[in-house]
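Trainee: One letter stands for each residue in the lines below.
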Amino acid sequence: MNKPELPTAIRQLPKIGIVLGTGGIKAMASLALFEFLAEQKIPVDLMVGCSGGALACAMIGSGCTPTEVRDLGMQKLQKSLFSQFDYSSLLGIFSSHLGNFDKTSGILKPDRWRGALQEYFGDKKLEQLRPRTLLQTTDIDTGEGVVLTKGPLAEAVYASCAFFPAFPPAKIDGRYLCDGIYSAPVPVVEAIKRKMDVIIALDFKEKVRTEPKGFFSCFYRHIDNTMRTLTRSQMFLSIEMHHHEIVIIEVDFDHTINPWDVHELPAIVECGHKAIELHKSAILSAITSFSRSKAPVAEQPVGSIADPNAGFRRTTILRNPASVESKNSG
Amino acid sequence: MEVIKEKSSEMQFLHLRGRLDHENAQVLEESLSKLIENGARQLIIDCSQIEFINNAGLRVLLGLAKKILDLEGRIALHSPSLQAKETFDRTGFSMVSRIYDTREEAIAGIAGSGLFSASRDERHIISN
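Each protein sequence line maps, in turn, to chains A and B.
In terms of numbering that gives the first Met the number 0, the first sequence opens at residue 0 and continues consecutively.
In terms of numbering that gives the first Met the number 0, the second sequence opens at residue 0 and continues consecutively.
Don't read these hints as lab results, they were simulated from the structure.
You may find that some hints are simply not true.
Selected chain A positions facing chain B (in silico; Cβ < 7 Å) [stated by the list, open to error]:
(1) Lys-204
(2) Glu-205
(3) Ser-232
(4) Met-234
(5) Phe-235
(6) Ile-238
(7) Ile-245
(8) Ile-247
(9) Ser-288
Result set (DSSO-like, lysine-lysine): computed pairs, CA atoms no more than 27 Å apart in a straight line [stated by the list, open to error]:
(10) Lys-192(A) x Lys-123(A)
(11) Lys-78(A) x Lys-123(A)
(12) Lys-78(A) x Lys-102(A)
(13) Lys-84(B) x Lys-273(A)
(14) Lys-102(A) x Lys-170(A)
(15) Lys-65(B) x Lys-204(A)
(16) Lys-279(A) x Lys-192(A)
(17) Lys-206(A) x Lys-66(B)
(18) Lys-273(A) x Lys-40(A)
(19) Lys-273(A) x Lys-206(A)
(20) Lys-33(B) x Lys-192(A)
(21) Lys-84(B) x Lys-279(A)
(22) Lys-194(A) x Lys-4(B)
(23) Lys-33(B) x Lys-4(B)
(24) Lys-65(B) x Lys-33(B)
(25) Lys-170(A) x Lys-212(A)
(26) Lys-123(A) x Lys-75(A)
(27) Lys-273(A) x Lys-204(A)
Listed next, with one range per pair, are the computed distances between beta-carbon atoms [claimed, not checked]:
(28) Ser-30(B) x Thr-103(A): 52 to 62 Å
(29) Asn-37(B) x Asp-223(A): 21 to 31 Å
(30) Ser-87(A) x Asp-69(B): 56 to 66 Å
(31) Ser-47(B) x Glu-205(A): 23 to 33 Å
(32) Lys-194(A) x Gln-82(B): 27 to 37 Å
(33) Asp-101(A) x Arg-40(B): 33 to 43 Å
(34) Asn-224(A) x Asn-37(B): 25 to 35 Å
By construction, the Cβ of each residue, glycine as well, lies at the ideal position given by its N, Cα and C atoms.
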């Protein structure tokens with residue numbers, strides 16, 4: 000594949016959306032993408048995250064660098080966050096005489112995980128994140144996708160990651176919301192609705208060949224397979240709906256990685272680097288082809304690769320300067 | 000992008016070669032539309048030499064399929080290159096359209112329903 004030219008002139012830049020799919024701690028492979036975008040000075044206009052992808056978006060949107068996110072993960076994510084059984088709920092699965100299980104229940108108690116999110120994000124609100132960030136959840140009563148755009152960040156991330164029935168859903172604005180995996184595991188459609196021109200979507204996949212053993216392993220494999228079909232159906236629809244380019248990057252893992260496998264973080268990020276390396280050309284090509292398809296703005300001085308100001312830079316044709324928002328928030 | 004055409008009886012065979020992206024999607028679309036305007040109704044497309052295909056390329060193939068199906072024609076894709084196969088799988092394209100492994104299978108399949116055809120695993124119940 001020919002490597003596209005590095006942009007050396009100031010051009011009109013497309014609106015760029017990043018979509019991070021579900022994948023637990025594997026979504027931290029997205030740090031490689033953020034590093035690449037920063038190197039290339041490519042601003043991001045929107046992030047949409049689901050489940051593990053929601054956590055990564057929230058951390059980046061809160062102002063953490065990829066290195067800080069990795070360090071925080073190594074330090075804070077622990078198995079103890081995910082290992083506190085709710086015995087009443089667990090027994091309630093087998094018999095209503097022994098315990099109680101309903102739509103507000105979870106096999107695991109959420110207190111420690113919620114507490115950790117509260118500690119990371121404090122009182123920060125989702126609408127305060129930059130770039131603008133949306134989190135995908137699912138209404139447990141209706142199965143509809145619900146995209147959170149504002150409100151307490153810690154609870155929004157919890158809801159997007161609340162993998163029912165392992166964790167109980169979050170009650171937000173009167174609705175019980177659980178993991179976005181059940182409605183849009185890689186929520187590209189949300190970026191299309193917000194008129195992003197170039198969408199870079201990361202899909203984290205475990206390509207495990209061994210037969211699942213035990214209840215949880217079989218259950219998770221079933222959910223994973225269902226999610227794959229849902230993702231591909233939605234991706235097809237997205238390509239039909241979209242006007243420019245969706246760069247879909249599959250990040251493959253050859254073994255199962257649990258949410259608490261923090262020791263895998265360096266390997267996860269390395270998998271991300273490999274996947275991004277393979278798609279750098281497609282990302283740059285999607286951006287430059289958009290720029291070429293637009294009329295050039297006024298003649299601008301041409302930068303060079305050695306010029307620290309060279310690279311992608313947002314330019315906007317100002318028809319009504321008072322109404323134009325700053326686009327360099329990424 | 001290069002399109003090599005070959006006609007045999009009622010079937011029009013196409014070989015797509017090179018990159019199928021924003022740079023050449025429009026040219027390809029025009030070229031394929033012209034074929035339909037000139038009466039082609041059964042298209043068999045060899046994808047073995049597609050070096051790169053992105054959304055723009057997929058939209059051309061989909062647009063072509065819609066046009067030809069509207070005219071009650073048939074279209075089938077076969078022998079995808081590794082890159083094309085990965086893209087067809089990743090984007091869900093292969094869920095709605097069977098991609099045949101060989102030209103012979105595509106020829107046999109086009110007699111059925113072509114693009115948006117029954118998937119490989121569909122079972123037919125024949126009633127009396």
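Trainee: Each hint needs a verdict: does it hold in this structure or not?
Mentor: Against the structure, the hints:
| no. | hint | result |
| --- | --- | --- |
| 1 | Lys-204 | violated (10 Å) |
| 2 | Glu-205 | violated (16 Å) |
| 3 | Ser-232 | holds (6 Å) |
| 4 | Met-234 | holds (5 Å) |
| 5 | Phe-235 | holds (3 Å) |
| 6 | Ile-238 | holds (5 Å) |
| 7 | Ile-245 | holds (6 Å) |
| 8 | Ile-247 | holds (5 Å) |
| 9 | Ser-288 | holds (4 Å) |
| 10 | Lys-192(A) x Lys-123(A) | holds (25 Å) |
| 11 | Lys-78(A) x Lys-123(A) | holds (25 Å) |
| 12 | Lys-78(A) x Lys-102(A) | holds (25 Å) |
| 13 | Lys-84(B) x Lys-273(A) | holds (20 Å) |
| 14 | Lys-102(A) x Lys-170(A) | holds (11 Å) |
| 15 | Lys-65(B) x Lys-204(A) | violated (32 Å) |
| 16 | Lys-279(A) x Lys-192(A) | holds (25 Å) |
| 17 | Lys-206(A) x Lys-66(B) | violated (37 Å) |
| 18 | Lys-273(A) x Lys-40(A) | holds (20 Å) |
| 19 | Lys-273(A) x Lys-206(A) | holds (16 Å) |
| 20 | Lys-33(B) x Lys-192(A) | violated (33 Å) |
| 21 | Lys-84(B) x Lys-279(A) | holds (20 Å) |
| 22 | Lys-194(A) x Lys-4(B) | violated (38 Å) |
| 23 | Lys-33(B) x Lys-4(B) | holds (12 Å) |
| 24 | Lys-65(B) x Lys-33(B) | holds (15 Å) |
| 25 | Lys-170(A) x Lys-212(A) | violated (33 Å) |
| 26 | Lys-123(A) x Lys-75(A) | holds (18 Å) |
| 27 | Lys-273(A) x Lys-204(A) | holds (14 Å) |
| 28 | Ser-30(B) x Thr-103(A): 52 to 62 Å | holds (59 Å) |
| 29 | Asn-37(B) x Asp-223(A): 21 to 31 Å | violated (47 Å) |
| 30 | Ser-87(A) x Asp-69(B): 56 to 66 Å | holds (59 Å) |
| 31 | Ser-47(B) x Glu-205(A): 23 to 33 Å | holds (30 Å) |
| 32 | Lys-194(A) x Gln-82(B): 27 to 37 Å | holds (29 Å) |
| 33 | Asp-101(A) x Arg-40(B): 33 to 43 Å | violated (58 Å) |
| 34 | Asn-224(A) x Asn-37(B): 25 to 35 Å | violated (44 Å) |
Consistency note: the structure conflicts with the earlier hints numbered 1, 2, 15, 17, 20, 22, 25, 29, 33 and 34.
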